[in-house]
Amino acid sequence: MADLNLDDKKLMDFINLMVTRGLGLYGQELMAKICYESGIALTDQNEIDWLEDNHIQAVNKLLVNYGSRNLPAKMTAIVLARQNQIPVPEELLTKRSSKKRRSIFKRFRRK
Amino acid sequence: MENNKAIQVNDGIYWVGFGDPKAGFSNNPYLLIEGDSVVLFDPGSRLPEHFNIVKQKIESVIPIEKINYIVVHHQDPDLAASIPLFEDIIGVDNFEIISTLRTSLLLPYYGFRTEITTIEDGDILQLDNGRELMFITSPYLHFAGAHVSYDMKTKTLFSSDIFAAFSVDWHLYANENYIEAMRIFHEPYIAHKSAIESFANKIKDFEIKMICPQHGSIIKEEFIPKCVEALLNFEVGSWLI
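Keeping their order, the protein sequence lines are chains A and B. So for the first sequence, the numbering used here puts the first residue at 68; every next one is plus one. So for the second sequence, the numbering used here puts the first residue at 488; every next one is plus one.
Think of the hints as simulated: they come from the structure by calculation, not from any bench. Misleading hints may appear alongside valid ones.
[Said to hold, decoys possible] Derived DSS-like pairs: lysine-lysine, alpha-carbon spacing no greater than 27 angstroms straight-line: (1) B:492 / A:173; (2) B:640 / B:680; (3) A:173 / B:689; (4) A:173 / B:640.
[Said to hold, decoys possible] To give a feel for the contact side, a few chain B residues facing chain A, derived at Cβ under 7 angstroms: (5) 577; (6) 580; (7) 589; (8) 593; (9) 598; (10) 602; (11) 604.
Beta carbons: idealized from backbone N, C-alpha and C, even for Gly.
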């Protein structure tokens, strides 16, 4: 794997953590597909590498692709991101747009 | 106390609950009405002898069909099992069920078909006339996905199982015996003090004038500091013996 700067190392560690959980949640085949769709290679030996130059964007995509498939995955993605100070993509936090939903929300930001 | 009339406890807030001596606690669904916005908090049990009381009490102030939101603070059956019965009256998707993501995983097992709107910590629901309802997550009190609601107009905290109590000597408003009744509820039910401390830290800057728990009695402003202090000092996790 190419030399990593600190940010890349942090991102790689985070992806490894996601993949470790993801192997339990999705199995190897689907986890590899989720990684591929996010711009990350996952080998049969569960090693990872970048397929996309923009690594932050790849992690962002991984969080969305990983978290959009079911509720436990979404909760896992959000919790792991928060624990590791990785920004949670808005797609995972935005309320599902629906013709049925009429409620209007705003956010309270804690100091 | 009449068993078929809602009791107004604050501006637009009604207690529509009942005492359940068999269980040793009261069940306290609450109704909030602001213009055309009608919110029912934790609708309660689906047992006919319980559901019919809550239904009658709501109907004493507003038709059931006017309910826009059912807020579910966690998924226990004493709080949430009647959702499908309300859905039968209001109609699928003619109202919204509001809860956290984690709770929303379990709620559909009650068999309703209405969509759940999931909330995050700090989300504020806009009601009629500018009234606002804030949702605050309260993890592990007692469920990982639990939350509470805060009416910003009256500064009322709908605290779910936090500040709840076991007592057959039940009164609508907490009296001098309430701390011990709270202790009986919290010490075996809450696993760890850190969950209480985390929640207390979250709400420490909120002005709270009334606490409406899901079980037990409503706590008025003058008694709140004592109850908060007691909550912070309970020896929780008492079944870890």
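Here's how the hints hold up against the structure:
Proposed proximity of residue 492 of chain B and residue 173 of chain A is contradicted: the alpha carbons are some 34 angstroms apart, above 27 angstroms. With a C-alpha separation of about 30 angstroms, the suggested pair residue 640 of chain B and residue 680 of chain B falls outside the 27 angstroms cut-off, and the hint is violated. Between residue 173 of chain A and residue 689 of chain B the CA atoms are separated by roughly 18 angstroms; this keeps the pair inside 27 angstroms, and the hint holds. Taking the CA atoms of residue 173 of chain A and residue 640 of chain B, the gap is about 16 angstroms. The hint holds against a cut of 27 angstroms.
At a threshold of 7 angstroms, the smallest CB-CB gap from residue 577 of chain B to chain A is about 13 angstroms, leaving the interface hint violated. Annotation: residue 580 of chain B was flagged as interfacial toward chain A, and the flag holds, the nearest CB pair being 5 angstroms apart, inside 7 angstroms. Annotation: residue 589 of chain B was flagged as interfacial toward chain A, and the flag holds, the nearest CB pair being 6 angstroms apart, inside 7 angstroms. Annotation: residue 593 of chain B was flagged as interfacial toward chain A, and the flag is violated, the nearest CB pair being 10 angstroms apart, outside 7 angstroms.
With a cut of 7 angstroms, the hint placing residue 598 of chain B at the interface with chain A is violated, because the nearest CB-to-CB distance is about 18 angstroms. The beta carbon of residue 602 of chain B comes within 5 angstroms of a beta carbon in chain A, closer than 7 angstroms, and the hint placing it at the interface holds. Interface hint status for residue 604 of chain B: upheld, as the beta-carbon distance to the closest one in chain A is roughly 6 angstroms, under 7 angstroms.
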